[in-house]
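K.L.:
Residues per chain, in single letters:
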Amino acid sequence: MEITILVFGQIKEITGIAAWQISGIKSTEELAAKLVMQFPELALMKYAMAVNKILIQTDTELNENDTVALLPPFSGG
Amino acid sequence: MEITILVFGQIKEITGIAAWQISGIKSTEELAAKLVMQFPELALMKYAMAVNKILIQTDTELNENDTVALLPPFSGG
Amino acid sequence: MEKKKHTVFISGAITPIFIADSIAKHSSKTSIGGHNIFLGQVRNDVIDGKMVVAIDYSAYEEMAEQKFNEIREAAFAKYEIICMHIYHSIGIVKTGEISLFVFTSSAHRKEAIEASTYLVNRIKEEVPVWGKEVFEDESYVWKKNT
Amino acid sequence: MEKKKHTVFISGAITPIFIADSIAKHSSKTSIGGHNIFLGQVRNDVIDGKMVVAIDYSAYEEMAEQKFNEIREAAFAKYEIICMHIYHSIGIVKTGEISLFVFTSSAHRKEAIEASTYLVNRIKEEVPVWGKEVFEDESYVWKKNT
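Chains A, B, C and D, in that order, are what the protein sequence lines are. Numbered per this note's numbering, the first sequence finishes at 1276, counting up by one with no gaps. Numbered per this note's numbering, the second sequence finishes at 1276, counting up by one with no gaps. Numbered per this note's numbering, the third sequence finishes at 148, counting up by one with no gaps. Numbered per this note's numbering, the fourth sequence finishes at 148, counting up by one with no gaps.
Rather than coming from a laboratory, the hints here were simulated on the basis of the structure. Incorrect hints may have been included.
Pair by pair, the computed Cβ-Cβ distance ranges are [unchecked claim]: (1) D:LYS80 <-> B:MET1200: 54 to 62 Å; (2) B:THR1257 <-> C:ILE49: 47 to 55 Å; (3) C:THR9 <-> D:GLY14: 28 to 36 Å.
Here are the simulated BS3-like cross-link-like pairs (lysine-lysine), alpha carbons at most 25 Å apart as the crow flies [what the hints assert, rightly or not]: (4) C:LYS80 <-> D:LYS112; (5) A:LYS1245 <-> A:LYS1233; (6) C:LYS80 <-> B:LYS1252; (7) B:LYS1252 <-> C:LYS96; (8) D:LYS31 <-> C:LYS112; (9) C:LYS134 <-> B:LYS1211; (10) A:LYS1252 <-> D:LYS146; (11) D:LYS112 <-> C:LYS112; (12) B:LYS1245 <-> C:LYS126; (13) D:LYS146 <-> D:LYS52; (14) C:LYS27 <-> D:LYS27; (15) C:LYS126 <-> D:LYS31; (16) C:LYS126 <-> C:LYS96; (17) C:LYS31 <-> D:LYS134; (18) D:LYS31 <-> C:LYS96; (19) A:LYS1211 <-> D:LYS126; (20) C:LYS96 <-> B:LYS1211; (21) C:LYS134 <-> C:LYS146; (22) D:LYS96 <-> A:LYS1211; (23) D:LYS27 <-> D:LYS112; (24) A:LYS1225 <-> A:LYS1252; (25) C:LYS134 <-> C:LYS80; (26) B:LYS1252 <-> B:LYS1225; (27) B:LYS1233 <-> B:LYS1252; (28) C:LYS96 <-> D:LYS146.
To list a few chain B residues with every Cβ distance to chain C over 10 Å, as calculated [said to hold, decoys possible]: (29) LEU1205; (30) GLY1208; (31) GLN1209; (32) GLN1220; (33) GLU1228; (34) LYS1233; (35) PHE1238; (36) ALA1242; (37) ILE1255; (38) ASP1258; (39) THR1259; (40) GLU1260.
Note that beta-carbon positions come from the ideal geometry of N, C-alpha and C, so glycine has one too.
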């Protein structure tokens, strides 16, 4: 099961890349835990997650081909 | 003692002229009474009065060279 | 704070280009973070079966300019605004054209928006301006603000 | 009610002429009585002694367009508005230039003004857009909305 990860703004500076695929992840909390191991600076970042362009508030199950985005606090306008 | 009378909007259609002088009038109520005798249609009109460009709420004494304006309801904007 | 007096009345409609020029003039005022613009446009209201084609505005101009100034000063005292401009048409403005332009600018958006609403409400209620709603057959009624 | 989708993002600053064109397009919509326009302008904020010279905007564009549309639909449902347009810059916008243009039109002024405030608040809070405040020496900080 493969999902796509997108990162934006300040988080992109931490990860170095904007988008990539990973597999074997079943939920957003599992993903967050995995990412913080890979990029320890993420632990200091405040961010929200969107699954398929919808913001999530709680741990969410991930399915094949889902797109998960890591979104730092918005500052448009 | 001479004062100037200015009229606007719908009231100007009743009086036929926009501005004139009269004398011997000591207060705004006296003026209103005199004008309604001269222009009976004024009795049907809702209007405010301004003395020297300041709206008045109550009967106001008039002095030499005062300007009294008769102002129908505003409809700017 | 820019407080210089300026003439409010403009002969005929206020054009989009005039509005663009006003906006462009503020690009040098780099402490501004938000502008609010209110535009009054002449509606094609139908009154007793006849459609409005224009409003013919007249005013007690000396008193109106004084009142506009008083309202501007009150808004500057009440809100943290950097710039404020008011323009109102005098004479004929056709339906679809603009007759009122209220422009407020502040560091943060809230103040510009609140000041704009305050100005528009006071202008409609307190400034001696009258609109004559003219129909296609050249008959007319005196406009009533609601 | 005009509800057609349109692209919100504009590359670089939103120009006064673009705003004038948008206003002019509404002269044929003669049921409109009031327009409200909110413009966000880039401020020369000083942060840790350095002055902002530009904001570089980026976005999660697909999600943002979807969110803009959701916000537009909610505003149409909540307020009696005739027209509504939102434009947001992407990329570099210098201080004094305009990065957000929110345009609402209604028969009577109250609705256009209220809808505008509603839109601007929701845009700032809910749309995935990020601004990087760039200083003269090309260093930067990530903007925080307050």
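K.L.:
For every hint, state whether the structure bears it out.
P.N.:
For each hint, the structure was consulted:
1. D:LYS80 <-> B:MET1200: 54 to 62 Å: holds (59 Å)
2. B:THR1257 <-> C:ILE49: 47 to 55 Å: Cβ of B:THR1257 to Cβ of C:ILE49: about 35 Å, so the range 47 to 55 Å is violated.
3. C:THR9 <-> D:GLY14: 28 to 36 Å: Cβ of C:THR9 to Cβ of D:GLY14: about 35 Å, so the range 28 to 36 Å holds.
4. C:LYS80 <-> D:LYS112: Distance ~21 Å between C:LYS80 and D:LYS112 Cα, so the pair holds.
5. A:LYS1245 <-> A:LYS1233: Roughly 16 Å separates the two Cα atoms, so the pair holds.
6. C:LYS80 <-> B:LYS1252: holds (24 Å)
7. B:LYS1252 <-> C:LYS96: violated (30 Å)
8. D:LYS31 <-> C:LYS112: Violated, at roughly 29 Å.
9. C:LYS134 <-> B:LYS1211: Since the Cα atoms of C:LYS134 and B:LYS1211 sit roughly 13 Å apart, the hinted pair holds (cutoff 25 Å).
10. A:LYS1252 <-> D:LYS146: Since the Cα atoms of A:LYS1252 and D:LYS146 sit roughly 22 Å apart, the hinted pair holds (cutoff 25 Å).
11. D:LYS112 <-> C:LYS112: Holds - the C-alpha atoms of C:LYS112 and D:LYS112 are around 16 Å apart, at most 25 Å.
12. B:LYS1245 <-> C:LYS126: Holds, at about 17 Å.
13. D:LYS146 <-> D:LYS52: holds (16 Å)
14. C:LYS27 <-> D:LYS27: holds (23 Å)
15. C:LYS126 <-> D:LYS31: holds (22 Å)
16. C:LYS126 <-> C:LYS96: Roughly 19 Å separates the two Cα atoms, so the pair holds.
17. C:LYS31 <-> D:LYS134: Holds, at roughly 21 Å.
18. D:LYS31 <-> C:LYS96: holds (12 Å)
19. A:LYS1211 <-> D:LYS126: At roughly 21 Å apart (the allowed maximum being 25 Å), D:LYS126 and A:LYS1211 satisfy the hint.
20. C:LYS96 <-> B:LYS1211: holds (23 Å)
21. C:LYS134 <-> C:LYS146: Roughly 9 Å separates the two Cα atoms, so the pair holds.
22. D:LYS96 <-> A:LYS1211: With a Cα-Cα distance of about 23 Å, the restraint between D:LYS96 and A:LYS1211 holds, given a limit of 25 Å.
23. D:LYS27 <-> D:LYS112: holds (21 Å)
24. A:LYS1225 <-> A:LYS1252: holds (18 Å)
25. C:LYS134 <-> C:LYS80: With a Cα-Cα distance of about 33 Å, the restraint between C:LYS134 and C:LYS80 is violated, given a limit of 25 Å.
26. B:LYS1252 <-> B:LYS1225: holds (18 Å)
27. B:LYS1233 <-> B:LYS1252: holds (21 Å)
28. C:LYS96 <-> D:LYS146: violated (45 Å)
29. LEU1205: With a cut-off of 10 Å, B:LEU1205 comes too close to chain C, as the shortest Cβ separation is near 7 Å.
30. GLY1208: violated (4 Å)
31. GLN1209: violated (5 Å)
32. GLN1220: holds (17 Å)
33. GLU1228: The claim stands: B:GLU1228 keeps its Cβ more than 10 Å from every Cβ of chain C (closest is about 21 Å).
34. LYS1233: holds (21 Å)
35. PHE1238: holds (17 Å)
36. ALA1242: holds (17 Å)
37. ILE1255: holds (12 Å)
38. ASP1258: Since the minimum Cβ distance to chain C is about 20 Å, B:ASP1258 lies beyond 10 Å and the statement holds.
39. THR1259: Non-interface label on B:THR1259 holds, nearest chain C Cβ at 15 Å vs cutoff 10 Å.
40. GLU1260: holds (20 Å)
Violated hints, in rising order: 2, 7, 8, 25, 28, 29, 30 and 31; the structure is consistent with all others.
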